[in-house]
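Asks: These protein sequences, in sequence, are chains Z and S.
Just so we're aligned: the first sequence equals residues 10 to 293 in the working numbering.
Just so we're aligned: the second sequence equals residues 1344 to 1842 in the working numbering.
No lab work stands behind these hints: they were computed from the structure.
Remember, it's a predicted structure, so these values are computed and weren't measured experimentally.
A few of these clues could be false.
Unchecked claim - If you only want the chain Z side, here are some residues facing chain S, beta carbon under 10 Å, derived:
| id | residue |
| --- | --- |
| 1 | Glu97 |
| 2 | Leu101 |
| 3 | Phe170 |
| 4 | Leu172 |
| 5 | Val173 |
| 6 | Thr177 |
| 7 | Ala179 |
| 8 | Asp180 |
| 9 | Met183 |
| 10 | Ala184 |
| 11 | Ala186 |
What the hints assert, rightly or not - Dumping the calculated EDC-like pairs for lysine to aspartate or glutamate here, alpha-carbon to alpha-carbon at most 16 Å:
| id | chain 1 | residue 1 | chain 2 | residue 2 |
| --- | --- | --- | --- | --- |
| 12 | Z | Lys116 | Z | Glu225 |
| 13 | S | Lys1739 | S | Asp1358 |
| 14 | Z | Lys167 | S | Asp1737 |
| 15 | S | Lys1739 | S | Glu1704 |
| 16 | S | Lys1739 | S | Asp1359 |
| 17 | S | Lys1739 | S | Asp1699 |
| 18 | S | Lys1739 | Z | Asp113 |
| 19 | Z | Lys167 | S | Asp1699 |
| 20 | Z | Lys167 | S | Glu1704 |
Unchecked claim - Partner residues aside, some chain S positions facing chain Z, computed with beta carbon under 7 Å:
| id | residue |
| --- | --- |
| 21 | Tyr1689 |
| 22 | Arg1695 |
| 23 | Phe1697 |
| 24 | Ser1701 |
| 25 | Leu1711 |
| 26 | Ala1712 |
Positions of the beta carbon are idealized from the N, C-alpha and C atoms, including for glycine.
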Amino acid sequence: MLFQGLVGLSEAMYLWLVAAGLSLIFGVMRVLNFAHGSLYMLGAYFAWVAFRVSGSFWVALLVGPLVVAAVGWAMEFGFLRRVYSAPEAFQLLLTFAFVLILDDAVKLVFGPVYQSPPTPAALSGAVLIGHSVLPTYHLFILGVGALVGLGLWVFLEKTSFGLVIRATAADREMARALGVRASRLFTWVFILGAWLAGLGGALSMPVRAISPGMGELIIIEAFVVVVLGGLGSLRGAFVGSLLIGLLHAYGLLFMPVFELALGYMAMALVLIVRPWGLFGIREG
Amino acid sequence: MSAVLEVRGLRKSFDDFTAVAGIDLALPEGGITAVIGPNGAGKTTFINLLSGKLVPDEGRVVFAGADVTRLPPSARVRVGMARTFQITNVFPLLSVEENVAVPVLARAGLALEPRRRVDAFDDAHAQVRRLLETVGLAARASDAAGALSHGDRRLLEIAMALASEPRLLLLDEPTAGMGAAERDRVLAQVRALAARSSLTILLVEHDMEVVFGLAARIVVLHQGRVIADGAPQQIRDDRRVREIYLGDADVVPPPGEAAAQTGAPLLEVRHLDAGYGLAHVLHDVSFTVARGEIVALLGRNGVGKTTALRSLSGLNAPWRGSAIELAGRPVAGEPPERLAALGVSYVPDDRRIFADLSAAENLRVAMLALRRERTRWTRQRIEKIFPPLATLWDRKGRHLSGGEQKMLAIARALTTDPSLLLLDEPSEGLSPLIVRILADALAHIRSEGVTVLLADQNLMFARAVADRALVMERGRLVHVASRADLAGNDPALQRLLAV
Ligand SMILES: Nc1ncnc2c1ncn2[C@@H]1O[C@H](COP(=O)(O)OP(=O)(O)OP(=O)(O)O)[C@@H](O)[C@H]1O
Ligand SMILES: [Mg+2]
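Just chain S, same shape as in the assembly (with noise of 0.2 Å):
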C-alpha cells in the first residue's frame, strides 16, 4: 500500500539550533494521526516543513507520489494538502458563508474574474453550503465570522482549507484556548469529517484527551526526531514518552490543602461592569479574593474572563460605578502602569512577548519597567519551575515555540514580583509534564504570599491548583463553588461548563 504522505530524512536549522534533526514518517491513506511531544520539539516546525512554509536543509517530503519538498504553500494546496493555522485566521466582517466562498471561488479560478462570476454562483453556492454541513455550520451561514465562538470559528477555518478538497489536513493545535464543551464539539466534528472520507488528517496537539480520543496513530517529537510513534495505549504506557512528556501517573498532582481564607482581602470587586465600546461584557460582578488564595475564574468560551482580567489590570477601564479595591486602596480607573506599581501583573491569554527581544531581554524590560533593582524570582528560581528556558535566553521572542512564550510570558509576570498574579489561560500550549509543573509552583508562589486569579479552560489545571473558582456566565458571576465542589461531582459546575 502506497502512503500518501511520505517524509524521509527531514532536517531544518535555525543559525546554530537544529529544530528538525531527521524525520522519517510514512503516512497511509486516511485515518488521525497525532503528534505530540514537549514544548520545543519542533512540531511546529515540522508541521511548517510539511506546508510548505518553510523549506527543509536536508531530506524530502513526497504526497502521493510526486515530489513537493520544494513546492510554495500555494502549489501544495493546489494538489491537495491544506492546513489551518495556529493564530484563528478568518475574515471577521465577512459571513461565514462568503468565508468560505472566498477560497470555492479562488479554486475556481473565479475570484479575479467579475463577469464569469455570476453564472458560476449557483455551483460555488451549492459547494460552500456542503462544507457549511461538512463542519456542522449551516445553521451560522449568514451571521458574520467575527460573532463566531472560538470553536465555531476553528470549524469554519476547516471548512475553509477543506474548500481546496484536500486529500491530507494539517491541524497545529486545533483545540487551543476551548473548552471543554467547545472542545468537544469541534473533536466530533473532525472524527465524523475522518469517518466520512478518505480525507488523511494530520494534527498538533497538546490535550491529551483530544489526543487519545481521536487519534488511532500517535507519533512522539523530542528534539527534532521521532522517538516513539505507535498506538495510542503503546505511547500512553512508553517510558521515555512518560518521563520528557506526559509527567508521571496523573497529569496534574492531587489537591492539597485548600488556603486559610481569614486572611485580609487582598482583591475587593463590587459591581464590576465592562465592555468593549458598545458592547456591554460584564455585568454587575462582585466578589472577594483574600491574601494568598488562587481562584480560577471559570466558564465558556466568550463569558467574559478574559475581559474581568484585563479590567482588574487596568487595560479595560472598568465602566463608571465599578469598585475595586487592592489592599483597601481603591484602584478602578487606574491606568495599567500605576496598577503594576502597586503588585498587579498580567499575563496575557495570547503571551505578547516582545518579538524583537531576546527572551532574556523580555524579562529586563520587566525590571526596568518599576525600575527594580532586584527580583525575588531570579533567573535560577525561574529554571526550575520552567526547565526548557535555561538554553533559550538569547534566542529571539519571535523564534520560541508557542509553549516557551507562554513560558516566558509567566516568567516576566513573575519578574515584577506581583502581590496579584492574574493568568490568562495559564497552562493553554504547555505540555502535560510542564502543566504539573506549573501546578506545583503556583503552590510554591502562594506560600511566600502571591495571590492568584486565574482564568483557564483546562479543568484538570483549575482543580489541581485553585482554592475556589467563580463560575461565569454570559458576563455575570453565577456560582462559587468550592475546593470540594471542584474536585467532586458539582453538578451546578458541570452544567455551567458543558453545552
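Chain Z extracted, bound-state conformation (with noise of 0.2 Å):
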C-alpha cells in the first residue's frame, strides 16, 4: 500500500514539473500553452542526446533542460509574443501547431521508435519499504520535485523578481504603467516554463520509455491538473499532481479498467463543488 502510494508520487512528479509551468505560464500571461508537453518531449530527447554524447547522466539532465529553456526563448521571443493581444483562439491555434511541428521534427530526426535509454548507475540501486523495493531513483525524483517545489515557493513569494511577477500576474495594464517592463517578464517567465518541463522530460528519460507521443500523453493529464488544482495556482498544481499521481497508483490497484478515467472524474468531482479549483480564485 505505501509501496503503492510512494511509487505514485514520484510518477506525480513528472506531472508536477510540467504543470508549474503550464500554470506559471498562464498566471502570470493568461497563454494556454498546449506545446508545453512537446517541451517536455523535448527535454526527454535532448537529455538523451547529451548523455551519448557526454556519457553523464548528471550532464544530460544540466544540458537538456538548457537547451529546451532555449527552445522555450526561440518560440515566445520569435511568435508568441506577436498573439499576445489577439483573441485567445489565436493563441491555442499557435501553440497547437508548435505540438504538430516538434513532434513531427522529433520523429524526422529520430525516427518514430521507442527508445530505451539507460538508467544512471549511481541511482540504479533500490531501497527495502517492507516487503517491497522501491528503485532509488523513485526516492531521487520525489526529491528533486519536492525541492522544485520549494525553490519555486522562494522565488515568488521572497525575491524582488518574484514580487514584480505575482504584480504583473494580479494586474499586467496596471504593473506596467508602473515602469514594469512586461514583455521581457514574459520571456523569463516563459523560459522558466519551458526549462521546468523540459526538467520533467529529462528526468523521465531513464524510467519512461522515449517517444515521439510522450507529450501528448502528459499534456493533457497537466491540464487536468491545472484546472483541478485552480488556474494559475502553482499551489494547486502541486496537490492536483499528487493527487492524480496517487490516483493512477491506487486506482491501477484497486479498479484497473477505470484507471485512464480517475483523473478525470476527480477534476469533474472537483469543478462541481468548486468551478474555480481547489486552490483558484473565485471570480467575482
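Need the complex rebuilt from these two chains, each delivered in its own frame; the hints are there to steer you.
Replies: Printed below as a string of C-alpha cells:
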C-alpha cells in the first residue's frame, strides 16, 4: 500500500513539473501553452542526446532542460509575443501548431521508434520499504520535485523578481503603468516554464519510454491537474499532481479498468463543488 | 415605537484587527440616516454585517422584530432588507428594463420557470415600469444598461434593489465618482423616494453635501464605534467630529498663489484623438501644461477625462495624427512602461491595488519596476500626507478599505518619483479631513517640481489645488478656466458642469 503510494507520488513529479510550468505561464501571461507537453518531450530527447555524447547522466540532466529553455525563448520571442493582444483562439492555434511541428520534427530526426535509455549507475539501486523494493531513482525524483516546489515558492514569495511577477500576474496593465517591462518579464517566465517542462522530460528519460507521443499524453493530464488545482495556482498544481498520481497508483491496484478515467472523474467532482478549482481564485 | 432595525453589541474582527468594536443602533421606520466616519472607521464592514455579507463575532441584528444575525444575504433580501454595492453591478448588455425584470421575476419565483413566464409577464412588466418611474428612468427603459451614465446606472441599481419591496435600503457611497450634476439628480430621486414611502434608508457617504442635504440623522463611526449620533447641525458642531473627520472650518484650504506659467512646457498635447475600438471618444484635444503647474481636467461624467489620462500614461494608444510631447520629446504611442521610465505616473480612478500584496509590497513593486534604489518619497513622507497608512503597511491590499486603497494608490504613484503625476479622481472616497491634507500635499509636491494633471468631480478640491482648469464636453476641450475663474462664479464653468 505505502509502496504503491510512493510509486504514485514519484510518477506525480513529472506531471508536477509540467503542470508547474503550464500554470506559471498561464497565471502570469494568460496563455494556455498547448505545446508544453512537447517541451517535456524535447527535454527527454535532448537529455538522451546529451547522455550519448557525454556519457554522464548529470551532464544530461543539466544540458537537456537548458536547451529546452532556449527553445522556449525562441518560441516566445519569435512567435508568441506577436499574438498576446490577439484573441485567445489565435494563441491556442499557435501553441497547437507548435505541438504538431515539434512532434514531427522529433519523428524526423529520431524516428518513431521507442528508445530505451539507460538508468544512471549511481541511482540504480533500490531501497527496501516494508516487503517491497523501491528503486532509488524514484526517491531521487521525489526529492527533485519537492526541491523544485520549494525553490519556486521561495522565488515567487521571497525575491524581488518574484514580487514583480506576482504583481504583473495580478494586474498587467497597472504593473506596466508603474514601469514593469512586461514583455521582458514574459520572456523570462516562459523560459522558466519551458525549463521546468524540460527538467521533467530529462528526469523521465531513464525510467519512461521516450517516444514522440509522450508530450501529448502528459499535456492532457497536466491540463487536468491545472484545472483541478485552480488555473494559475502553483499550490493547486502541486496538490493536483499528487492527487492524480495517487489516484493512478491506487486505481491501478483496485480498479484497473477505470484507472484512466479516474483523473477526469476527480476533476469533474472538484469542478462541481468548486468551479474555480481547489486553490484557484473565485471570480467576482 | 418599535424600530425597523435594531443592532446590539455588534463586533467584528479580522485576524488581529477589530474593524467593528461594539455598535448599538436603532432605526425607527422611515427617513434617511447617514453613516460617516474616517477612512477605515468600519462603515463598509458595518453595512456588510447588516446585509449578511459578513457574520459578526458578537452581537445581534434584529430586523422588524426578527433576529437575522445569522441569515445569509439572500434570506435577508426576502424579509425586506436590500442593498446596493460600492461597485456598480448591472448587466451591461441587457436593457434597463430587462435589468429590473431580473429581480422582479426572481422574486415572483418565475426566473427558473420558463412555462409560466409568459402568463405572469403582464404583472411583472407593470411592476418593472413602476420601479423605473420611481427612480426616474422610465424614458431609458429600452437602452442598454452599459450605455447609461454613472448616475443613471446607480439609479438603475437602486431600482433593482427596490424590486424586492424592501423596508430597509442600505446604500454604500451611492454618489461616489459622480459629478455635481449627476449627484444632484441621484440625490433628488433618493429624497423623493424617502418622502413618498415608509422606506428606511441607511447610507454611507463621504460627500458632505449629500450627507447634510439628505439625512435627518447622522451617525459617526470612529475605530469601529459610534462616537456621535444626532441631527446634522449637532454633528456639524461636534468638536470631536471636526477633529477626526471634517477638518477645520473650511472643507478645503483657501487658494494660494498660482504657479507662474513661465517655465518651459513639460507636456504638450496636440490633436489628441483616442477611443476604444470603433468608439471615438477624444476629438482633437490640444493643450500644454507648464513644469510645476497643477492643472485640473473638469467635465461631466463620461466626457472623456479618464480616456485622456489613460492616453497620456500610454495605457490607451492615441490614434494616428495625435502628438504628445514630454519635455520636448515625442511620446505618443510609447508603451506605458516607457512613459513610466520617463517620469509619468498614473493613479487610476478605480485604484487598482495589487490585492494579494501587502501595502508595503505595493510600494516596493513601484521601486523594483523602475529599478530604483531610493525615492524622494520615503514612507515617512508618505505617512505625513496619509497618516492612516502608518499602521497599515503589512495589511493585504484586498483587506484595505476603499479610502485606504485610494491613499495607497497615490502613494504608490509618488514612489516612482514622477515628474508628471496623472491623478484620476484623487479625492473620491477620501474623508474630508484627508482631502484637505491631500490638497496641502499637492501644493507641496508642486513646489518640488512635480507637475500634476488631475481629473476630479469634487469641484471644491479642484478649486483648492489647481492653477488652471481645462473643461471638456463630449470628448472635446471647450473651455479653459483660470484660477480666478475657478474661485469665482465663471458662468461658462457653471454651465459646463451643470446638467
Ligand atoms: N478582511 C480584512 N482583514 C483585515 N482588515 C480588514 C479586512 N477588511 C477590512 N479591514 C480593515 O477594517 C477597517 C475598516 O474597514 P471598512 O472597509 O469597514 O472601512 P470604511 O469605514 O468603509 O472606510 P472607507 O471610508 O475608506 O470606505 C479598515 O482599516 C480595513 O483595513
Ligand atoms: Mg467603505
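Asks: Does Z/Glu97 pass the interface check with chain S, least Cβ-Cβ distance below 10 Å?
Replies: Because about 17 Å separates Z/Glu97 from the closest Cβ in chain S, which is outside the 10 Å limit, the hint is violated.
Asks: Interface hint check: Z/Thr177, Cβ to nearest Cβ on chain S, cutoff 10 Å. Holds or violated?
Replies: With a minimum Cβ separation of about 9 Å from chain S (threshold 10 Å), the hint on Z/Thr177 holds.
Asks: Let's test the interface hint: is any C-beta of chain Z closer than 7 Å to that of S/Phe1697?
Replies: 5 Å, holds
Asks: May I ask you to test the interface hint for Z/Leu172 with respect to chain S, counting a Cβ-Cβ separation under 10 Å as satisfied?
Replies: 6 Å, holds
Asks: How about S/Ser1701: closest beta carbon in chain Z under 7 Å, or not?
Replies: Constraint on S/Ser1701 not satisfied, violated at 10 Å.
Asks: Between the alpha carbons of Z/Lys167 and S/Asp1737, is the straight-line distance 16 Å or under?
Replies: 15 Å, holds
Asks: Are S/Lys1739 and S/Asp1359 close enough, with their CA atoms no more than 16 Å apart?
Replies: Judged against 16 Å, a Cα distance of about 13 Å means the pair holds.
Asks: Against chain S, run the beta carbon of Z/Leu101 and see if the smallest gap drops under 10 Å.
Replies: 23 Å, violated
Asks: Checking one constraint from the list: CA of S/Lys1739 to CA of S/Asp1358, max 16 Å. Satisfied?
Replies: 12 Å, holds
Asks: Can we keep the Z/Met183 interface hint, with Cβ of chain S closer than 10 Å?
Replies: 4 Å, holds
Asks: Measure nothing beyond the straight line between the CA atoms of Z/Lys167 and S/Glu1704; if it is 16 Å or shorter, mark the hint as holding.
Replies: 11 Å, holds
Asks: Hinted pair, alpha-carbon criterion (16 Å max): S/Lys1739, S/Asp1699. Please report holds or violated.
Replies: 6 Å, holds
The structure is inconsistent with the numbered hints 1, 2, 18, 24, although it conforms to all the rest.
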